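K.L.:
One-letter residues, chain by chain:
Protein chains: 4
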Amino acid sequence: MKSAFKTVALIGKYMSPEIREPMLALADFMAERQIHVLVEEQTAEQLDIKGYTTVHIKDIGATADLAVVLGGDGTMLTVARALMHSSIPLVGVNRGRFGFLTDLSSESMLESMGHILTGKFNIEQRMLLSATIFRDGKVLNEDSALNDVVVSKGATARLIELEISIDGQFVHRQRSDGLIVATPTGTTAYALSAGGPILHPGLEAIALVPICPHTLSNRPIAINSASKVEITLTESGDSCVLFDGHQSTALVQGDKVLVQRAQKMVSLLHPLEHSHFAMLREKLHWG
Amino acid sequence: MKSAFKTVALIGKYMSPEIREPMLALADFMAERQIHVLVEEQTAEQLDIKGYTTVHIKDIGATADLAVVLGGDGTMLTVARALMHSSIPLVGVNRGRFGFLTDLSSESMLESMGHILTGKFNIEQRMLLSATIFRDGKVLNEDSALNDVVVSKGATARLIELEISIDGQFVHRQRSDGLIVATPTGTTAYALSAGGPILHPGLEAIALVPICPHTLSNRPIAINSASKVEITLTESGDSCVLFDGHQSTALVQGDKVLVQRAQKMVSLLHPLEHSHFAMLREKLHWG
Amino acid sequence: MKSAFKTVALIGKYMSPEIREPMLALADFMAERQIHVLVEEQTAEQLDIKGYTTVHIKDIGATADLAVVLGGDGTMLTVARALMHSSIPLVGVNRGRFGFLTDLSSESMLESMGHILTGKFNIEQRMLLSATIFRDGKVLNEDSALNDVVVSKGATARLIELEISIDGQFVHRQRSDGLIVATPTGTTAYALSAGGPILHPGLEAIALVPICPHTLSNRPIAINSASKVEITLTESGDSCVLFDGHQSTALVQGDKVLVQRAQKMVSLLHPLEHSHFAMLREKLHWG
Amino acid sequence: MKSAFKTVALIGKYMSPEIREPMLALADFMAERQIHVLVEEQTAEQLDIKGYTTVHIKDIGATADLAVVLGGDGTMLTVARALMHSSIPLVGVNRGRFGFLTDLSSESMLESMGHILTGKFNIEQRMLLSATIFRDGKVLNEDSALNDVVVSKGATARLIELEISIDGQFVHRQRSDGLIVATPTGTTAYALSAGGPILHPGLEAIALVPICPHTLSNRPIAINSASKVEITLTESGDSCVLFDGHQSTALVQGDKVLVQRAQKMVSLLHPLEHSHFAMLREKLHWG
Numbered sequence: 537m538k539s540a541f542k543t544v545a546l547i548g549k550y551m552s553p554e555i556r557e558p559m560l561a562l563a564d565f566m567a568e569r570q571i572h573v574l575v576e577e578q579t580a581e582q583l584d585i586k587g588y589t590t591v592h593i594k595d596i597g598a599t600a601d602l603a604v605v606l607g608g609d610g611t612m613l614t615v616a617r618a619l620m621h622s623s624i625p626l627v628g629v630n631r632g633r634f635g636f637l638t639d640l641s642s643e644s645m646l647e648s649m650g651h652i653l654t655g656k657f658n659i660e661q662r663m664l665l666s667a668t669i670f671r672d673g674k675v676l677n678e679d680s681a682l683n684d685v686v687v688s689k690g691a692t693a694r695l696i697e698l699e700i701s702i703d704g705q706f707v708h709r710q711r712s713d714g715l716i717v718a719t720p721t722g723t724t725a726y727a728l729s730a731g732g733p734i735l736h737p738g739l740e741a742i743a744l745v746p747i748c749p750h751t752l753s754n755r756p757i758a759i760n761s762a763s764k765v766e767i768t769l770t771e772s773g774d775s776c777v778l779f780d781g782h783q784s785t786a787l788v789q790g791d792k793v794l795v796q797r798a799q800k801m802v803s804l805l806h807p808l809e810h811s812h813f814a815m816l817r818e819k820l821h822w823g
Numbered sequence: 537m538k539s540a541f542k543t544v545a546l547i548g549k550y551m552s553p554e555i556r557e558p559m560l561a562l563a564d565f566m567a568e569r570q571i572h573v574l575v576e577e578q579t580a581e582q583l584d585i586k587g588y589t590t591v592h593i594k595d596i597g598a599t600a601d602l603a604v605v606l607g608g609d610g611t612m613l614t615v616a617r618a619l620m621h622s623s624i625p626l627v628g629v630n631r632g633r634f635g636f637l638t639d640l641s642s643e644s645m646l647e648s649m650g651h652i653l654t655g656k657f658n659i660e661q662r663m664l665l666s667a668t669i670f671r672d673g674k675v676l677n678e679d680s681a682l683n684d685v686v687v688s689k690g691a692t693a694r695l696i697e698l699e700i701s702i703d704g705q706f707v708h709r710q711r712s713d714g715l716i717v718a719t720p721t722g723t724t725a726y727a728l729s730a731g732g733p734i735l736h737p738g739l740e741a742i743a744l745v746p747i748c749p750h751t752l753s754n755r756p757i758a759i760n761s762a763s764k765v766e767i768t769l770t771e772s773g774d775s776c777v778l779f780d781g782h783q784s785t786a787l788v789q790g791d792k793v794l795v796q797r798a799q800k801m802v803s804l805l806h807p808l809e810h811s812h813f814a815m816l817r818e819k820l821h822w823g
Numbered sequence: 537m538k539s540a541f542k543t544v545a546l547i548g549k550y551m552s553p554e555i556r557e558p559m560l561a562l563a564d565f566m567a568e569r570q571i572h573v574l575v576e577e578q579t580a581e582q583l584d585i586k587g588y589t590t591v592h593i594k595d596i597g598a599t600a601d602l603a604v605v606l607g608g609d610g611t612m613l614t615v616a617r618a619l620m621h622s623s624i625p626l627v628g629v630n631r632g633r634f635g636f637l638t639d640l641s642s643e644s645m646l647e648s649m650g651h652i653l654t655g656k657f658n659i660e661q662r663m664l665l666s667a668t669i670f671r672d673g674k675v676l677n678e679d680s681a682l683n684d685v686v687v688s689k690g691a692t693a694r695l696i697e698l699e700i701s702i703d704g705q706f707v708h709r710q711r712s713d714g715l716i717v718a719t720p721t722g723t724t725a726y727a728l729s730a731g732g733p734i735l736h737p738g739l740e741a742i743a744l745v746p747i748c749p750h751t752l753s754n755r756p757i758a759i760n761s762a763s764k765v766e767i768t769l770t771e772s773g774d775s776c777v778l779f780d781g782h783q784s785t786a787l788v789q790g791d792k793v794l795v796q797r798a799q800k801m802v803s804l805l806h807p808l809e810h811s812h813f814a815m816l817r818e819k820l821h822w823g
Numbered sequence: 537m538k539s540a541f542k543t544v545a546l547i548g549k550y551m552s553p554e555i556r557e558p559m560l561a562l563a564d565f566m567a568e569r570q571i572h573v574l575v576e577e578q579t580a581e582q583l584d585i586k587g588y589t590t591v592h593i594k595d596i597g598a599t600a601d602l603a604v605v606l607g608g609d610g611t612m613l614t615v616a617r618a619l620m621h622s623s624i625p626l627v628g629v630n631r632g633r634f635g636f637l638t639d640l641s642s643e644s645m646l647e648s649m650g651h652i653l654t655g656k657f658n659i660e661q662r663m664l665l666s667a668t669i670f671r672d673g674k675v676l677n678e679d680s681a682l683n684d685v686v687v688s689k690g691a692t693a694r695l696i697e698l699e700i701s702i703d704g705q706f707v708h709r710q711r712s713d714g715l716i717v718a719t720p721t722g723t724t725a726y727a728l729s730a731g732g733p734i735l736h737p738g739l740e741a742i743a744l745v746p747i748c749p750h751t752l753s754n755r756p757i758a759i760n761s762a763s764k765v766e767i768t769l770t771e772s773g774d775s776c777v778l779f780d781g782h783q784s785t786a787l788v789q790g791d792k793v794l795v796q797r798a799q800k801m802v803s804l805l806h807p808l809e810h811s812h813f814a815m816l817r818e819k820l821h822w823g
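Heads up: the protein sequence lines correspond to chains P, S, G and A, in order.
Position one of the first sequence corresponds to residue 537 (the numbering used here), numbered consecutively onward.
Position one of the second sequence corresponds to residue 537 (the numbering used here), numbered consecutively onward.
Position one of the third sequence corresponds to residue 537 (the numbering used here), numbered consecutively onward.
Position one of the fourth sequence corresponds to residue 537 (the numbering used here), numbered consecutively onward.
For reference, chain P alone in the conformation it holds in the complex (with noise of 0.2 Å):
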């Protein structure tokens, strides 16, 4: 049977030896259906995997069909963030610590992939969030988040104060260790910790979650997905901008970022038999 997929990129977790097996069970997997494989570079050179086409990470919409991850979300995240500008779907097989965005799991992991080169699976849209950082009226830095901006206070500070307004409407101070802007995706990571509610993917919202707020009844809100979310630095104090956990920019008293739903989406590729709630069952441990 023809494959659904012509060229499928293999994109493995940063500095993991122990998935070169795998990664080579996948790439023989695919070669022996005629799939044209591409490792991507990085994870060509750390697992030292040699008879593959290489390609550099930021090719890999531009030259494949699928991006297959090996890792755990937060490959996935990374991965998400480098291929937005493409529309290649991704699918990722779970080897790291949770898994919310990684559907398969590597005990049956080519079985599944053989279903989804049959054209056994949907594509779910994802949004992403894109956030500026004005300094003095000028653009000092923009990203992108699958999961969430995060605006923290850093290790020496007590707290921050924010100012918040959504589409142009003061919202009110903040007085807190930080306010976490989420998608919908990212309510199942730090937001929830933060205390935050769970937005189903399919719900067009943003997710606003204060971090160990000084005023209790600063509680989450969630407001559409096409409403500006403008936070100003208000107190000087140690803090920073965050991209899905990682660290962009220092910030300084006045500072404001902008934060929006960026144009692009990720492209999930999910197995049939996915279901959203039934991840959230086990990863949860519900029930």
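Among the hints, a few may not be true.
[Unchecked claim] Beyond 10 Å from chain G on every Cβ pair, some chain A residues (computed):
1) S539
2) P553
3) Q582
4) K594
5) D601
6) E643
7) T692
8) Q705
9) H736
10) E740
11) R755
12) E766
13) L808
14) W822
[Stated by the list, open to error] Simulated pairs of lysine to aspartate or glutamate, DMTMM-like, Cα-Cα distance not exceeding 25 Å:
15) K764/A <-> E740/G
16) K656/P <-> D703/S
17) K764/G <-> E818/A
18) K800/S <-> E740/P
19) K764/A <-> D703/G
None of these hints come from the bench; they were simulated from the model.
Here the structure is a predicted model, which means the values were calculated and not measured.
Positions of the beta carbon are idealized from the N, C-alpha and C atoms, including for glycine.
Using the hints provided, position chains S, G and A relative to the given structure of chain P.
P.N.:
Chains S, G and A in isolation, oriented as in the chain P frame:
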């Protein structure tokens, strides 16, 4: 200047003699402006208001252009549900404990009403929920709610067990004191006390908030408002369904409650200076 | 080797035919070791156990040296309350859903019991609460609880209003679904679901945990176990008092509930390898 | 009438010129009553206060009978830690944002102080925590705190992993933003923002409150104040230890922090009308 409304119906808080005076002031204020004033029958009787045409609450939608409520959120909820099959806008003058729904303060009531009558207002649509209770496959009851539909344990039950499905997909079995299904409007009411998030009214969403769930990871979930939520009482126990806090139907094991967005919406009239976030700041003592 | 206990009473979970076999195995195991075995009357009848002396639960304290419970935490709670006026130690074999109180697993029941009979165990004292309900100054009811005394709204009430005093000092008026007054033992039960902290059993404390409080800053409070807590129902509404989850008395407006530490304690017998934190790790799925 | 105190030391909030006037009023008020007034050196210099003997903060315990603080809780914390090795009582005049520790309002400062000087007050002892940081088995640092000792992730870490033991018993490994170890006094500060319970100062307890724990069942725990808490940083990551919110020591993987009750206590002087619950009602906007 001509009024934006020809006929206005006035409705007062149940059994509240202290609103007689402001009610009369309001009626006179309107009559002076050549507005046809209707007073809701029960209100007129309880407050001994004479000289104005009375109207049954069910007929207000067909006979008036605007319904003005003097009371608290409880009165607004009752009126909203009674008038939901019409499209008449509602505005509230706050006479109760809170007032997430009653925009006008009683202090500046006449001044604010003057602005509204000259057309200075915005209309906002708010969604309602509709729920049908099934026993042995037959409809036992159905009703609507502007805030929330709650499946709740009764006084003698320790906890209840519910099975929850969304759009036909099994979510989980939950052992808890109950489950709140809330509109965005309802997320600042009971759902907030139970640990739920605040959903902005502009978000087309429904919140599912468990009440004291046995499993601590049973966090609140927000889903698309087009979804259908099915709740089955899987373990016998004293329990019931409440609509906006009013008890409706006692449940027995096996009963199903189907909750979905109502086809009709409620029109809330806001003065121009109304801000949802300003209201949250005030009511929740932010900052 | 001689047993540390001469007479052991066996008590089974209510209406649970599946425990007949382990119950008989346990009785035989003890009889073989020259221990006088008593079987609680209701247990003997429900499980059709013959050949052993039966004993009314109220007489176990006076006739046996050790009470062994086959069941879950619910059975342990019931037995603990029934035997609280004696000083007989209790040990539980877990046959229920949870088992914060039932240390022995059913798999290794006989082996564990063998160790206990040879004196390899620790005894831990756990405090109970005692509550008296007053109406118009007269005692309406009084009872005890090992987990919690709960003042709870009933099915038809939206919420209730309670006035709380501690040692004669006014604390606050609380609008909520109710209030849980919990011993350290009870803090891993209902109180945990309501957002309360875990109090270590070695802490001489009582936790006051509001259930869905209207005011979000009404956080759980822990006080010295020597304190007296007085709860007054200040607003009429369907409500009641529960002892370890069993309904006791319906309340009317003005009723007072005085909760304080009971004079008697319960003795729990633990195998030597028992660790409170290990139990928490297992039951709460830590790590 | 003779004063209950012969020598009173006055200490002001850091860099707060607005307290010059009340500070002088207080000093004059005392001097008129034949009390020997000492002004803390830094305070005298910053406020340009002349004509009173100055004293280094470290010498206040040995030279004065009472320390009066004009400032907020932050100033009280600093002074309490500086004076903890003496037994001098402290009283605060609230000039800051909050005031869980500063009993006297600035409006009625002189009147309240008049009562105190005539002996109308109560003394309350509050416990402190002492923490020692070990690296490779050697003491790296040690310090004390009246509110809390916090092990916290820094700005660049996503989360940290801590292993927690209590009295030598393993509790769990926790992945979180950090852990707050709080005295009862500290439970109305940072620990409350992180979801911790309020421990009454009369409770001999320590609260362990995880900050945004990955595992949702990692709830706050309260233990006996005689317990020793050992925290080991098991996964490398930018993190540090803070004492009452002041950064102390950066941690590296394998570092251990041993937290236990300090041997010394702080004496807080309260006016007779002081009520802990009234203070909670006011500060937390109860009712």
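K.L.:
Which hints, by number, does the structure contradict?
P.N.:
Hints 8, 9, 10, 11, 14, 19 not satisfied by this model.
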